[in-house]
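K.L.:
In case you want the letters, here they are:
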Amino acid sequence: MNIIVCIKQVPDTNDIKIDPAAKRLVREGVKTMINPFDMYAIEEALRLKEKLGGKVIAMTMGPAQAESALREAISLGCDEAILLSDLAFAGSDALATSYALSQAIRKIGQFDMIFAGKQSLDGDTAQVGPGIAAILDIPQIINVRKIQEIKEGQIIAERMTEYGYEVLQAPLPCLMTVVKDINMPRLPSLKGKMKAKSTQVTVWKAADIGAEEARIGSKGSGTDVWKIVIPPARPQGKIFEGEGAVDQLVDTLKGLIK
Amino acid sequence: MSEILEYKGVWVLVEQRRGVIQPVTYELLGKARELADSLGVEVSCLLMGFKVKDKAQELIHRQADKVYVVDDSRIEYLLEEPYTRIAADLINKYRPEILLCPATTLSRSLAARLAANLNVGLTSDCTGLDINPEDRCLLQTKPAFGGTVMTTIISKNHRPQMATVRQKAMKEAVADPQYQGEVEVLELDASFFASRAKVLEVVDEAATSINISDANVIVSGGRGMVKAENFKMLEELAKMLNGAVGASRAAVDEQWIPYSHQVGQTGKTVCPKLYIACGISGQIQHLVGMQTSDIIIAINKDPSAPIFKIANYGIVGDLFEIVPQLTKRLGDKS
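For the record, the sequence lines run as chains A and B. Counting in this note's numbering, the first sequence runs from 1 upward without gaps. Counting in this note's numbering, the second sequence runs from 1001 upward without gaps.
Excised from the complex, chain A in its bound form (with noise of 0.2 Å):
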């Protein structure tokens, strides 16, 4: 099986910044993390590969210090990893985003699966996976809680819904998102730390994947940020206390589901 993992660096969720003035967010000195959805990617490819065999590639596209993620995934047990990395890409959005990784999933050639994450922290638009499975036209199933079987080039999954779960059947190679509930992700083990010292990460420019110039970047982008509003803190709260607490809890209730 060859499984590729498309990953995300996010920002910590513990430290977001804002800059208003340039309409984004800041990404320079905050701390930074593997999108938590894509932490659950990685294990399913990982527990893939040592009951099928075969290699798990780890890819991202971002700035140079998205690097490090990769290098995570590497400490984790994926075998190779790839970083799309080039001016000609800042500015992209899920679309020209999909774009790309579709770009360097079609150099790398032959692929049984790719997984990703639900949905990253950060741009929360869960519209990359589904966007490679279109450009690359294959199946998608997003929302993979459980994967059943794979056998016979087909997969059998379980995508979960807001009503309990569908199980679907599909030819590889396909496209699956994943939720949590999927599986409990590893630690980093002390081999796998070393090995993500030494390993080699792989770094394409749009050049290296023949990426049309209209379809990346800003450029390539079928969406712009018009406007970037704060909105304003919750009004400060009223604690009930002391006896008679839960009564006025009770009428405030009352009052509000009236």
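Some hints here could point you the wrong way.
As a list, the in silico DSSO-like pairs of lysine-lysine whose alpha-carbon atoms are at most 27 Å apart [what the hints assert, rightly or not]:
#1 B:K1066 x B:K1093
#2 B:K1301 x A:K238
#3 B:K1227 x A:K146
Label-pair distances were calculated between CB atoms; the ranges are [claimed, not checked]:
#4 A:K55 x B:R1074: 32 to 40 Å
#5 B:F1320 x A:I239: 14 to 22 Å
#6 A:L190 x B:Q1325: 48 to 56 Å
These are computed hints drawn from the structure, not numbers from a lab. All values reported here derive from a predicted model rather than from experimental measurement. Quick reminder that beta carbons are idealized off the backbone N, C-alpha and C, glycines included.
With chain A fixed as given, assemble chain B onto it according to the hints.
P.N.:
Positioned in the frame of chain A, the structure of chain B alone reads:
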């Protein structure tokens, strides 16, 4: 660029489940009507599914001017490939300037595949939509980082302008049985319905009978619940309030309640009218999933818990005493 002006009309992608039109569709229609009126164009619906033909009139009653119906057993369940193929074909043919889709799990997946297929932009999970009178552009506002910031997105050079719209964020279109519209049932050839992915089985989970994305009231429990059995008291309070039960990651990781109930960074983002947090300390990873709720009530024994900072009302005390009292007293006729 001039081509952009050839795109006219506001379209709504209909969400149906087992042939029943889901309420989120009417919310989209409410907003679509408003946008279309300010643009001076019509509202059209795209209804795909099996045994759904008869439901088209319900959409007209919610003020749709036109309903395109594709009714076929091969698209009984939402499968991204045929749904994308059909929608893309109709969009290329009729050229709407705006396409609104529900921000439900499956419609988001479809919208994302469709947008990439059409090579257009898509803004996900919008809570606000307006027209910029200067250039007719759709201003698409969405919370980012769980409402830490509100971002407004535009799609200047691509049509249709696509947005998925969060449930409960828009007011439903008013039902008007006198409203006149046109239904067109389309017959498409077999190639449209091909799908490599197939649905083998659909499993509804009883515990999610009121799912947290749809609920107006959510009663949520965290680490302070101590054990699985204690969630029963939250269920009772939720039932009294006609709401759903949510949970923090800590409670889900302890396996006190299934993952489908998890609110927060690695669970669901919710914005009910009322969110009651019981024994939840309020770490940022939980707050980003619920801090845009209209009213937040916190019950916690620790007065310094961060949840109190964002709560409209709070009570410091033992939830095992307070919650049953709330349930009982709300049930009292008075």
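K.L.:
Do F1320 of chain B and I239 of chain A keep their Cβ atoms within the hinted range of 14 to 22 Å?
P.N.:
19 Å, holds
K.L.:
Within 32 to 40 Å: is that where the Cβ-Cβ distance between K55 of chain A and R1074 of chain B falls?
P.N.:
37 Å, holds
K.L.:
Holds or violated: K1301 of chain B and K238 of chain A, Cα atoms, limit 27 Å.
P.N.:
Status holds; Cα separation ~16 Å.
K.L.:
Holds or violated: K1066 of chain B and K1093 of chain B, Cα atoms, limit 27 Å.
P.N.:
Holds, at about 15 Å.
K.L.:
For the hint 48 to 56 Å, verify it against the beta carbon of L190 of chain A and that of Q1325 of chain B.
P.N.:
Holds: the Cβ-Cβ distance is about 53 Å, inside 48 to 56 Å.
K.L.:
Holds or violated: are the alpha carbons of K1227 of chain B and K146 of chain A at most 27 Å from each other?
P.N.:
Holds, at roughly 26 Å.
Figure legend: structure checked against the earlier numbered hints; every hint is met.
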